[in-house]
Amino acid sequence: MVLGTSMGVPFIAVWPGSWWTSETIAVVTGANRGIGFEIVHQLALHGLTVVLTSRDTGVGEEAAKVLQEGGLNVVFHQLDIVDPSSIEAFTEWIKQKLWWYRYTGTACFHRLRKMKKDRSTINNAGVNYNAGSENSVENAEKVIATNYYGTKNMIKAMIPLMRPSDAGARIVNVSSKLGRLSGRRNRIENDEVRKKLEDDEALSEEIIDQIMDTFLEQVKDGSWTDGGWPQVFTDYSLSKLAVNAYTRLMARIFSERPEGEKIYINCYCPGWVKTAMTGWAGHVSPEDGADTAVWLALLPEQFITGKFFSERREIHF
40 MVLGTSMGVP FIAVWPGSWW TSETIAVVTG ANRGIGFEIV HQLALHGLTV VLTSRDTGVG
100 EEAAKVLQEG GLNVVFHQLD IVDPSSIEAF TEWIKQKLWW YRYTGTACFH RLRKMKKDRS
160 TINNAGVNYN AGSENSVENA EKVIATNYYG TKNMIKAMIP LMRPSDAGAR IVNVSSKLGR
220 LSGRRNRIEN DEVRKKLEDD EALSEEIIDQ IMDTFLEQVK DGSWTDGGWP QVFTDYSLSK
280 LAVNAYTRLM ARIFSERPEG EKIYINCYCP GWVKTAMTGW AGHVSPEDGA DTAVWLALLP
340 EQFITGKFFS ERREIHF
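Heads up: the sequence shown begins at 40 in my numbering, then just goes up one per residue.
Hints are computed from structural coordinates only; laboratory data are not their basis. If you're wondering where the values come from, they're calculated on a predicted model, not measured in any experiment. Worth double-checking, as some hints may not be accurate.
[To be verified] Straight-line alpha carbon distances no greater than 25 Å define the calculated BS3-like cross-link-like pairs of lysine-lysine that follow:
id : residue 1 : residue 2
1  : K181      : K195
2  : K181      : K136
3  : K235      : K259
4  : K195      : K346
5  : K181      : K134
6  : K216      : K134
7  : K346      : K234
8  : K136      : K104
9  : K216      : K234
10 : K235      : K104
11 : K195      : K259
12 : K216      : K235
13 : K216      : K181
14 : K104      : K181
Construct the entire structure; sequences and hints are all you get.
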């Protein structure tokens, strides 16, 4: 039964037969605009309570207000995934509100009721400073700090907050085909690095970090052009390659968790989306760019994990 509309789109509280409820919490990073905003919108349309986060408090609050006025269960909290203290403050906020709702049953925020532990986290926050044919690495440290280390640190912080359930908790990392190991146009030519990243059994966080450190050292001494790195948007491509590798690594680690405490983690490429990051040059709408993220977050109990997707289809790493 349709209960109303939001931004002109019909919505119902919870889709019939779904594993989630209105008390299921989803966290979306970098969600004040573009793909992130649309992910929040679509998840809320499905009846979840969604925490919209943004580095900038003002624009984040305005974005959340738009969705709240449409009747959706959306709450804002400031979050800068590059700042460890911001991540810590965010997780403490989640813990405090979980405690509050569990023991008092009263609401502190607009349309937020009986918060239970987080069940879905979508890591959308990211940066890219190149456009068109540019391939500057001037901001390489910032790009990798945000896209890889920020995402990794956010995942680590959210794991303890994820609620045990038969359906499992979900993590979705927004990535890019530019970070594919097997890409024909933008592959890593350094055989040693590629082999390390292809070896799922030996892959470790230390290996991924070491590869990022090697690249950043070469950026500093000017030798990065001879390092066998991807030649298109090099820093951005490597940051997403690291996200993909970390997704595979965490899928292996999560697979060892007991039944009822599983966490399923996947990544996806939204395509060349018409957003600020692409200078509005993309040909994919934010709505379509968000679709696969929402689909992965709400998959039924099929236990898909450690995979890479585009347009709801699995693709090679």
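Quick rundown of the hints versus the structure:
1. Restraint check: the Cα-Cα separation between K181 and K195 comes to about 20 Å, which is no more than 25 Å; the hinted pair holds.
2. For a cut-off of 25 Å, the pair hint linking K181 to K136 is broken: about 32 Å separates their Cα positions.
3. Taking the CA atoms of K235 and K259, the gap is about 23 Å. The hint holds against a cut of 25 Å.
4. For the suggested pair K195 and K346, the alpha carbons sit about 19 Å apart, so the restraint of at most 25 Å is met.
5. Our distance criterion of 25 Å between C-alpha atoms is broken by K181 and K134, whose separation comes to about 29 Å.
6. Between K216 and K134, the direct Cα distance comes to roughly 35 Å. Violation of the 25 Å bound is thereby established for this hinted pair.
7. At roughly 18 Å between alpha-carbon atoms, K346 and K234 fall within 25 Å of each other, so this suggested pair holds.
8. With a C-alpha separation of about 20 Å, the suggested pairing of K136 with K104 holds against the 25 Å cut-off.
9. A hinted pair counts as satisfied when its Cα atoms are at most 25 Å apart, and K216 with K234 qualifies at roughly 18 Å.
10. In summary, the hint linking K235 to K104 is not supported, as the alpha carbons are separated by about 46 Å, beyond the 25 Å threshold.
11. Restraint check for K195 and K259: not satisfied, since their Cα atoms lie roughly 29 Å apart, outside the 25 Å limit.
12. Using a Cα cut-off of 25 Å, the hinted pair K216 and K235 holds, with the two alpha carbons roughly 19 Å apart.
13. For the proposed pair K216 and K181, the alpha carbon gap of about 20 Å is at most 25 Å, so the pair holds.
14. A distance of roughly 30 Å separates the Cα atoms of K104 and K181; the hinted pair therefore is violated under the 25 Å criterion.
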